[in-house]
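Undergrad: Model the placement of chain S on the given structure of chain H, informed by the hints.
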Amino acid sequence: MASIILRRLLATVPVMGVVALFVFSLLHLSPGDPATILAGDQASPADVERLRDALGLDRALPIQFLEWIWRVVQLDLGTSIFTGLPVTDLIVQRLEPTFSLMGLTLLFSVLTAVPLGVLAAWRANTFSDRAIMAGAVLGFSVPVFVVGYILAWVFSIKLGWLPAQGYRPIENGFWPWLRNLILPSMALGFIYIALIARVTRASMLEVLGQDYIRTAKAKGVSRRGVLFVHALKNAAVPVVTIIGIGVALLISGAVVTETVFAIPGLGTLVVDAILRRDYPVIQGVILFFSFVYVLINLIVDLIYTVFDPRIRY
Amino acid sequence: MTSPILNVENLKVAFNVGDDRWRQIVHGISFNVREKETVAIVGESGSGKSVSAMALMRLLPEQSTRVSGSVRLADKELLTLHEEQMRRVRGDDIAMIFQEPMTSLNPVFTVGFQLVEAIRLHRDISRADARMEAKKLLEKVRISDADTRLDDYPDAFSGGMRQRVMIAMALACNPKVLIADEPTTALDVTIQAEILDLIRTLQDEERLAVLFITHDMGVVAQIADRTLVMYEGNIVEQGPTERLFRSAEHPYTRALLAAVPRLGESAGHTRPMRFPVVDIETGKVDSPGESPDTVDDGRTVLEVVDLTTRYPITSGVFNRVILNVHAVEKISFTLKAGETLALVGESGCGKSTTGRSILRLTQPTSGSVIVNGNDIVSLGPKQLREARRDMQMVFQDPFASLNPRHTLGDAIKEPLYAHGFKKGASDRVADLLTRVGLTPDMSRRYPHELSGGQRQRVCIARALALEPKLIVADEPVAALDASIKAKVVNLMLDLQASMQLAYLFISHDMAVVERISHRVAVMYLGEIVEIGPRSAVFGNPQHPYTKKLLSAVPEADPSTRSKKRSLSTSTELKSPFRSVDYRPPARTYRTVSKGHQVQEWGEEWNKEFYCM
Chain H
662 MASIILRRLL ATVPVMGVVA LFVFSLLHLS PGDPATILAG DQASPADVER LRDALGLDRA
722 LPIQFLEWIW RVVQLDLGTS IFTGLPVTDL IVQRLEPTFS LMGLTLLFSV LTAVPLGVLA
782 AWRANTFSDR AIMAGAVLGF SVPVFVVGYI LAWVFSIKLG WLPAQGYRPI ENGFWPWLRN
842 LILPSMALGF IYIALIARVT RASMLEVLGQ DYIRTAKAKG VSRRGVLFVH ALKNAAVPVV
902 TIIGIGVALL ISGAVVTETV FAIPGLGTLV VDAILRRDYP VIQGVILFFS FVYVLINLIV
962 DLIYTVFDPR IRY
Chain S
47 MTSPILNVEN LKVAFNVGDD RWRQIVHGIS FNVREKETVA IVGESGSGKS VSAMALMRLL
107 PEQSTRVSGS VRLADKELLT LHEEQMRRVR GDDIAMIFQE PMTSLNPVFT VGFQLVEAIR
167 LHRDISRADA RMEAKKLLEK VRISDADTRL DDYPDAFSGG MRQRVMIAMA LACNPKVLIA
227 DEPTTALDVT IQAEILDLIR TLQDEERLAV LFITHDMGVV AQIADRTLVM YEGNIVEQGP
287 TERLFRSAEH PYTRALLAAV PRLGESAGHT RPMRFPVVDI ETGKVDSPGE SPDTVDDGRT
347 VLEVVDLTTR YPITSGVFNR VILNVHAVEK ISFTLKAGET LALVGESGCG KSTTGRSILR
407 LTQPTSGSVI VNGNDIVSLG PKQLREARRD MQMVFQDPFA SLNPRHTLGD AIKEPLYAHG
467 FKKGASDRVA DLLTRVGLTP DMSRRYPHEL SGGQRQRVCI ARALALEPKL IVADEPVAAL
527 DASIKAKVVN LMLDLQASMQ LAYLFISHDM AVVERISHRV AVMYLGEIVE IGPRSAVFGN
587 PQHPYTKKLL SAVPEADPST RSKKRSLSTS TELKSPFRSV DYRPPARTYR TVSKGHQVQE
647 WGEEWNKEFY CM
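Those protein sequences? They're chains H and S, same order as listed. For the first sequence, position 56 matches number 717 in the working numbering, and the numbering has no gaps at all. For the second sequence, position 262 matches number 308 in the working numbering, and the numbering has no gaps at all.
Bound conformation, chain H alone:
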């Protein structure tokens, strides 16, 4: 197992390299002189020259890239132009809200979507199946911010049950933390639930037609046992795959959701950075999210082996 993880981790190095190259190019492909961009709008020509010299921006691009990579490896992502703080510190400060939002969304979505998908497959082509699938189409079609504003309007403004804005760290208590995250998670989870439910249904339908399901029924396994033990474990691999791929959706969704619900996470950090053309922050956050995504896919691959003993790496 350990050697598998190590091998897979090594395999992520080239992937991260390509991502890093892309992120690095971001600055140099943008129109205008990198030094002028990095120095900000109020800088004098002398400031620009000093920065160019300090960052080595007059050197050949490959050299610059290698130097930049070397700093990144040492977790030095540069300094924010706007705040003057190290980008690494900025990211670490914003981790908790974003990971809380993503984690809660993930949990809530899987716990809702998988049973819905199983129900739809078991009741295929009946009213409940069609209702669930129609809901899924709706989930795909309505953008996160629309869902977010509707939820905030109903549950916060009209009913006053939950706060519409803001974030409370978990160290101030579990319930305040959860209260603030319920609406954002629901909004963000909407499309995710639709996606997972559809894939669960399709995968379950295929499995339910297999011979071993007939065997389980002939043994006298209850309906719930057939669906959730015999069928679901076989149907799990595509579902886990889509959950992993869907993390990309969560990342882009988190950016929008945090803005709608004013959560001080990585999403708002990157939105602010884009508006201020704070390139080091943009680069840092993109690089960080890519790394998280690659890591999630590694975890997904490992989870496969739990569900299907025939998969070996």
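Hints were generated in silico from the structure; no laboratory data involved. Misleading hints may appear alongside valid ones.
[Claimed, not checked] Okay, the calculated bits of chain S under chain H, using three or more residues with CB under 8 Å as the criterion:
hint	stretch
1	143–152
2	160–169
[Stated by the list, open to error] Derived SDA-like pairs: lysine to any residue, alpha-carbon spacing no greater than 20 Å straight-line:
hint	chain 1	residue 1	chain 2	residue 2
3	H	Lys894	S	Asp197
4	H	Lys894	S	Thr156
5	H	Lys894	S	Phe159
Everything numeric in this text was worked out from a predicted model, so none of it was measured. In this text, a Cβ means the ideal position worked out from N, Cα and C, and glycines have one as well.
TA: Below, chain S without anything else, positioned relative to chain H:
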């Protein structure tokens, strides 16, 4: 006589075929099964035999099927039982095993989990006790190392072993009735014999009533006390098995029996024998004849010399070769125009790989395959294409080997177009369809509109399109019902007579082989262990493996049943996996009579034979 344990009366099943239309599949059948009795339901695909079994277990989907009549288990009426109570009947009172051992076990749970589950569903015992019980069950079905095998997943078991596990699972709660739906159809003959023996022995031990569903009259003769013959959803005849085989009354039963290949029927003949064909309406039998002499001794169509095909098994980051599969190992034979050589053996023996290697669909490792003076093994791509005009292939599965989106005409034209014969292709298709017993107007139809037998005829027509000299037929009739099988074999014999075709007929079915072949080669672990004229190999088998194969064929005669074999754990094929530095032993062949050669066998065979 004991009273019936399972009583089925006027059972009817209808399927919903869209909107509110229902098609009647089973038209009110009645029968019963007694304690310790085996009742066989026999019939061809679509006769409703499996549907009836599923109906009495209430395993058909409720929304799309209608079941009526009465199914009584002792005093309990099953058809009106509440679903939860019916669930308790399944696996506890009535257990079931199925045709497909490869897919009937859940691949993501260990065998132990599945056995323990079956036990604990109906019995209130602890997990640890259930595991002990599961171990005993595996021992009961003669699986060795039961304790460690419990922790294996199904993919670590072969087909025969999986069927044993299925049987163990079925016996988990000491059921009163066992329903076996074609339990041996997907297995090799020697494994089939073992499983049938096992079911018979366990039936005695457990006082089971067995309902045995099959299409194979040979199996019926070996296992059933009473037999019901089903045809298009009706029981057309029933009675004691011996009586049925001796004097069947219904024309359909007679047709079914006539189509059963029996070993030894061709004794005294040297040429292939047509199957007798019975008219289902009138019951008249046309007399089978020996086919005309088609072999042209002067023309060798195919010469195979020391053909060897191995597959490397790789592992690790650098794809290092760790093992070689010796699929085909130094085999040699020749085939004359108009001659049929049958290649027989069990799954995994390399007979299909041999066929594919000859056409170079699989690249051979060494050796030569000479067709028309060209060595196929070393031809360039362009010449290979040319050479393939003379040799065509017919595959086992007529469902999978026709493209569902091409019309039959397109399928047959394909080889013509591929070799540039565009002109007159449509006329050629019409002619070919007629030759294989279909009509020219079928060229516009799609494969799903045809039955299995008709599809196989189309596959044969496609193979004939380029007027080949050699046809490699890989299990061409294995997937077909007995009566259809007989017709397709007869068709192949007719085509051989009119076109002087040479057949390499790959099959595991000894009885079919006996009818169709001039010569027979027996393969074991990639090697030919015995080859010779059919009458010599069948009449005077030499190699222990040939003898074993022949003795395992179920005889379609209930009176031969008593000879019981001891239940060996398993006599499945040994593995053809060899280490990289393995050198195959040098083999010598002994000539028995003219053209009949047998490989000299080692000590291990004498021991093995002794166990049987």
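Undergrad: Against each hint, give a clear statement of whether it holds in the structure.
TA: Taking the hints in turn, this is what the structure says about them:
1. With 6 residues bearing a CB less than 8 Å from a CB of chain H, the stretch 143–152 of chain S meets the requirement of three and the coverage assertion stands.
2. Here's how the stretch 160–169 of chain S fares: 4 of its residues keep a CB closer than 8 Å to some CB of chain H, so the rule of at least three is met and the hint holds.
3. The hinted pair formed by H:Lys894 and S:Asp197 meets the criterion: a straight-line CA distance of about 18 Å does not exceed 20 Å.
4. Restraint check: the Cα-Cα separation between H:Lys894 and S:Thr156 comes to about 13 Å, which is no more than 20 Å; the hinted pair holds.
5. Note on H:Lys894 and S:Phe159: the hinted pairing holds, with a Cα-Cα distance of about 14 Å set against a maximum of 20 Å.
Consistency note: the structure conflicts with none of the earlier hints.
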